[in-house]
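**Student:** Residues per chain are reported as follows:
There are 2 protein chains.
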Amino acid sequence: MSNCIFCDIVNGNCDAAFVHRDDSVSVFMDIQPVNAGHMLIIPNTHAAFLADLEPNTGAKMFRVAQKMAEALRASGLKCEGVNLFLADGEAAMQEVFHVHLHVFPRFEGDGFGLTFADTYLTKPPWSELEGAAKMISTAIERSALADEDERQR
Amino acid sequence: MSNCIFCDIVNGNCDAAFVHRDDSVSVFMDIQPVNAGHMLIIPNTHAAFLADLEPNTGAKMFRVAQKMAEALRASGLKCEGVNLFLADGEAAMQEVFHVHLHVFPRFEGDGFGLTFADTYLTKPPWSELEGAAKMISTAIERSALADEDERQR
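Quick mapping for you: the protein sequence lines, in order, are chains A and B. Counted the way this note's numbering counts, the first sequence spans residues 1 to 153. Counted the way this note's numbering counts, the second sequence spans residues 1 to 153.
Extracted from the complex, chain A is given alone in its bound form (with noise of 0.2 Å):
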């Protein structure tokens, strides 16, 4: 057994109820669904949050989604829709501390939703969405050079 229930289920040390398995990503059934077919798609490897996520096992958590989207609305399972939703961090509602993935179905009347601060319906002025823009823009742009910099060392 680790400290990562994730890493369990993936090694086969605590029982899930998998969907499918492959060399970098595994899905099992969330034992606390939001709809019945309430799938987690997590990385084989160890990663508790994005940063820490190989790019490469990211893009194929993404393939393998878009599968289980497919395959949800196939199945003979109600779903009318399918969210994806990812929680990087605490804030963010991010509770086992391993990369994971949720895929569900929605149906009309399933009681999910979400909910927002009471300043939700103002739209901000163009300008701050452009200010914001620029901020990340020129994070994007120094991450950039640092992996430059960090080639050419």
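No false leads were mixed into what you were given.
Derived pair list, reagent style DSS-like, types lysine-lysine, alpha-carbon separation capped at 25 Å:
#, chain 1, residue 1, chain 2, residue 2
1, B, Lys-78, A, Lys-123
2, A, Lys-60, B, Lys-60
3, B, Lys-78, A, Lys-134
4, A, Lys-134, A, Lys-123
5, A, Lys-60, B, Lys-134
6, B, Lys-134, B, Lys-123
7, B, Lys-123, A, Lys-78
8, B, Lys-60, A, Lys-134
9, A, Lys-78, B, Lys-134
Rather than coming from a laboratory, the hints here were simulated on the basis of the structure. Source: prediction; values computed, not measured.
Chain B: place on chain A using the hints.
**Tutor:** Structure of chain B alone, referenced to chain A:
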């Protein structure tokens, strides 16, 4: 102008605060952000639903999402965590019918949350999880067999 607002954005027929664009995907600010820094990642080529999305482009969207999450955390915008969210189908709360992956920063007390049906806290029996897993696995196998038939034709 097309009848798809996101196609109009990609084609430069509608303004957006862009963060990134390349050959296959575009990233711009959501005009109604959950929190400042809320981005949408979309395929440049129109795809209404996950089922219409070219899998390599889907994989690329997740790669870009990982980079955007990193950039958000480094941007100076308030960001203690990050959520990824995708709605596939109207019953899953999709509002614009061109696939889009939400990436937004989170922080404690930001007022964003999830709501669930009253039955959510009742964990289903193991047999129910195994049953759902079996239904989904069967759908995956059927789809793989259909693909195989298609190839042999």
